[in-house]
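Number of protein chains: 2
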Amino acid sequence: MSFTIQNVLIPDDQGYKTVDVQIQADRITAIAPNLPVIGTVIDGSHQLLLPGFVNAHTHSSEMWQRGIIPPSPLELWIAELYEFTPLDPEQAYLSAVGTAVETLMTGGTSVVDHLVLIPGQELETIAAAERGYRDVGIRAFIAPLIQDEELSAGIPTGGDEVKHSSYQATTEAMLDLLQTAVEKFHRPDEGVEIMVAPTGIQLCSDALFAGCIELSDRYNLNRHAHLLETKAQKLLAQEKYGCSAVQHLQEIGFLSPKTSLAHCVWLDDRDIEIMAETRSTVVHNPLSNLRLGSGIAPILKYRQAGVNVSFGCDGSASNDSQDLLEAIKMGSILHNVTDFDYLHWITPRQAVEMASRGGAIGLNRADQFGSLEVGKKADLVLYNLKSLSLLPRTDPIGLLILGRPVSVISHAWVNGKQVISDHEICNVSVNDLAGKLFEQSEWNPKRKSAAVAQTEARYRSVMGLPEIAIEQSST
Amino acid sequence: MSFTIQNVLIPDDQGYKTVDVQIQADRITAIAPNLPVIGTVIDGSHQLLLPGFVNAHTHSSEMWQRGIIPPSPLELWIAELYEFTPLDPEQAYLSAVGTAVETLMTGGTSVVDHLVLIPGQELETIAAAERGYRDVGIRAFIAPLIQDEELSAGIPTGGDEVKHSSYQATTEAMLDLLQTAVEKFHRPDEGVEIMVAPTGIQLCSDALFAGCIELSDRYNLNRHAHLLETKAQKLLAQEKYGCSAVQHLQEIGFLSPKTSLAHCVWLDDRDIEIMAETRSTVVHNPLSNLRLGSGIAPILKYRQAGVNVSFGCDGSASNDSQDLLEAIKMGSILHNVTDFDYLHWITPRQAVEMASRGGAIGLNRADQFGSLEVGKKADLVLYNLKSLSLLPRTDPIGLLILGRPVSVISHAWVNGKQVISDHEICNVSVNDLAGKLFEQSEWNPKRKSAAVAQTEARYRSVMGLPEIAIEQSST
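Chains as they are written, first to last, in this note's numbering: chain V, 1316 to 1790; chain H, 1316 to 1790.
Hints listed in this document are in silico derivations from the structure and should not be mistaken for laboratory results.
Predicted, not measured: the structure shown is a model, and the values here were computed from it.
A couple of the hints might just be wrong.
Listed next, the in silico DSS-like pairs over lysine-lysine satisfying Cα-Cα at most 27 Å (straight line) [stated by the list, open to error]:
(1) H/K1751 - H/K1761
(2) V/K1732 - V/K1499
(3) V/K1701 - V/K1751
(4) V/K1616 - H/K1546
(5) H/K1701 - V/K1751
(6) H/K1701 - H/K1332
(7) V/K1761 - H/K1332
(8) H/K1549 - V/K1763
(9) H/K1763 - V/K1761
(10) H/K1751 - V/K1332
(11) V/K1763 - V/K1478
(12) V/K1332 - H/K1761
(13) H/K1478 - H/K1549
(14) H/K1761 - V/K1701
(15) H/K1499 - H/K1332
(16) H/K1763 - H/K1478
(17) H/K1332 - V/K1751
(18) V/K1546 - H/K1616
(19) V/K1701 - H/K1763
(20) H/K1616 - H/K1332
(21) V/K1332 - H/K1549
(22) V/K1691 - V/K1732
(23) H/K1751 - V/K1701
(24) V/K1616 - V/K1549
(25) H/K1332 - V/K1763
(26) H/K1499 - H/K1546
Based on the sequences and whatever the hints tell you, model everything.
What follows is the structure in structure tokens.
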């Protein structure tokens, strides 16, 4: 399939220029004014063409619980999340489709799914998500979420003797699973990659990290993990290692240009230097960091230190959406209150660069996609500049990033294949998806979490919060 | 016109119940299961009914500059805004229509427009906005923005001798204008009210405030102003009054249950007590506070002190949208990073209450609208719970507030009159609006502000920011 986008606006230094763009097979083959037509013609007039963004951290199956977990910090929120996590691979399929659809409709052409696995059906979960992403046509980085310690181990002890039950599976079993997943599903040429993705220092042994590094080296896999999302995790790292989590991850060799780390809220200046030295990427998830009260990640400091930063929606039980444009907007303007010098603030053009090229760098694929250049993969998004939310005409990128664009994407392609056409998702029926989500759920506003009730008193004590009477508790 | 909404979900303590709702003329006349049908039937099944929200602070004509002003603090941003402000009342009409449309499409049924007046055409500006709001059918509180000092007076002197030119109009002329506006346009029964709205302490004399208070008392008008949006304004208040802006406004009698104050970012604990004592309302504009780097308003402290808080989008050159649901989401979750005790965080239900009843309280109209009660005005919004962005079924209000709802409103009414029907704005053509906005604007990403260039060095010096070379400047 070849096609030519005619008379389209693309960014150019501080302004814009009107060009034609030729695509042959999966690549951009020419960008210039007045090109000869190759293949199908797409009318790009009054439209803005940008490289697709990367939704660089999410957990697709959280879609089943979006909107329902009350405002609470990560350590309590996750107890409720896991208590009610879906257990049917068909649900994992639908939430992958939903995640892909919402990501595409808001400018993303790649998604990193730190995929929560159904116990006992781990490979089936991965297969279901992979099928969902292939059906929609989004570029997918599936990062099976693995751990080898029990959830309760993620809360600092505060010096108390605390016993945790052992995790349901051994470290070896987790690594074997990962290897099988790589063999079955890792197909970079087809737009599906497996990543090694221990959940983070809070629930993973050094042996699990070591096994992941080994697999990453053997198969050239990208690496992903959560990092210092909460103050509790910072305390835990000190308890566990006697040093910061970042120093520990550097010592064991997990940090690299192939490594992207979600959140990075509680890093200190030395940690930031290590991130820069190891050329690791920070995935900024501003909305979940606010929703869970985790804190404001020091993104302006990262940028000043030369650390690559990309954006993620995070799972939609902690956001509770997969609107990538919203994550980019908030991930940009949030930091204006952290530095009085506005010359350091993220501009809309910088935000676009972070979301596209920054996302690709974090996946070690900036040579492949993330920019409008001849030879790059055709992961492209066309924004209709006649949409009310992008009017009046001012600065298209300024309004795209700082406004609240609604239904603005007319066409999009991944790997040269069309995924949005005339404002509609091409390859799956959104109505069918909505119908199935409706049928397979029920309004349940009074849900109570037993797991939160069990954890809450200890969490409050360790974090120095006052004791509460039971009727006040967040559940 | 009478109508009956059948089988609709409404909130009930911590859950929901299914009821019918009868509306006769402009009022809710019954809420109960299985009511007899009166007038037209509206099928409310799988829909959520909420009272309309209040967009409690905006400046409609900023729509013409949304997306174009680069990231910069209020004092520089406003210099650019005023340099390029639209000068044609027909533009004021279109931006009022656009503001009303975007507010309605995101759950608002009332708007407070702190309306920037075109010099020399002040009454024509008010007339144009009033016509726009009447055409769309939204409940409008038009607050003509008045001042009697030059823009440069809004920046603290830092102890230097600074001369400001005198303002284009006298204090008396501003007050006369306001009185004429009241006589011509103040029609509470028809859903259009005029408010007294000096822009704020930074650009207004005590005489102007006194005149506004007198008009407010004489005509029973609500009062509105900006308050301590930036650190610079806090410094300025000390220079001007030798006390805090809040103490001064209390002394001169501006604070009252009829007074709503936009921003309130830089209040101290004593100021908060005064806000509570005077029963003044804080209008929280989280998005512009971030966009302009103004700071995070201490909203949790206000709530704990018993101060009423509502939400505003602020003008769309500082946001850059009028998506009220986005303002409510961000205005809720932003504060989770300001207090580790999650029991203080704003829940989705509390956010709905702040946006509806809180908005009405701030306009001294809680007896009239802002809640689902028999006898209240029928300012009502129906949310379609089969929309993808409100699925799967979990907790409808949780997902409405914490998610990113897109095109979810099926029907809405103001004063019992329909303003949205089958997901479409009823009374104006959105396509025509978009067409006119397109025609009357041009892409202009390289615009430079002479006013910012003039102001920047002084601003940086007063705020203790390092001097910059000209080529680094934000413009």
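Here is how each hint holds up against the structure:
no.: 1; hint: H/K1751 - H/K1761; verdict: holds (23 Å)
no.: 2; hint: V/K1732 - V/K1499; verdict: holds (23 Å)
no.: 3; hint: V/K1701 - V/K1751; verdict: violated (33 Å)
no.: 4; hint: V/K1616 - H/K1546; verdict: holds (22 Å)
no.: 5; hint: H/K1701 - V/K1751; verdict: holds (10 Å)
no.: 6; hint: H/K1701 - H/K1332; verdict: holds (17 Å)
no.: 7; hint: V/K1761 - H/K1332; verdict: holds (12 Å)
no.: 8; hint: H/K1549 - V/K1763; verdict: violated (45 Å)
no.: 9; hint: H/K1763 - V/K1761; verdict: violated (54 Å)
no.: 10; hint: H/K1751 - V/K1332; verdict: holds (24 Å)
no.: 11; hint: V/K1763 - V/K1478; verdict: holds (25 Å)
no.: 12; hint: V/K1332 - H/K1761; verdict: holds (12 Å)
no.: 13; hint: H/K1478 - H/K1549; verdict: holds (20 Å)
no.: 14; hint: H/K1761 - V/K1701; verdict: holds (20 Å)
no.: 15; hint: H/K1499 - H/K1332; verdict: violated (44 Å)
no.: 16; hint: H/K1763 - H/K1478; verdict: holds (25 Å)
no.: 17; hint: H/K1332 - V/K1751; verdict: holds (24 Å)
no.: 18; hint: V/K1546 - H/K1616; verdict: holds (22 Å)
no.: 19; hint: V/K1701 - H/K1763; verdict: holds (24 Å)
no.: 20; hint: H/K1616 - H/K1332; verdict: violated (33 Å)
no.: 21; hint: V/K1332 - H/K1549; verdict: violated (44 Å)
no.: 22; hint: V/K1691 - V/K1732; verdict: holds (14 Å)
no.: 23; hint: H/K1751 - V/K1701; verdict: holds (10 Å)
no.: 24; hint: V/K1616 - V/K1549; verdict: holds (18 Å)
no.: 25; hint: H/K1332 - V/K1763; verdict: holds (19 Å)
no.: 26; hint: H/K1499 - H/K1546; verdict: violated (38 Å)
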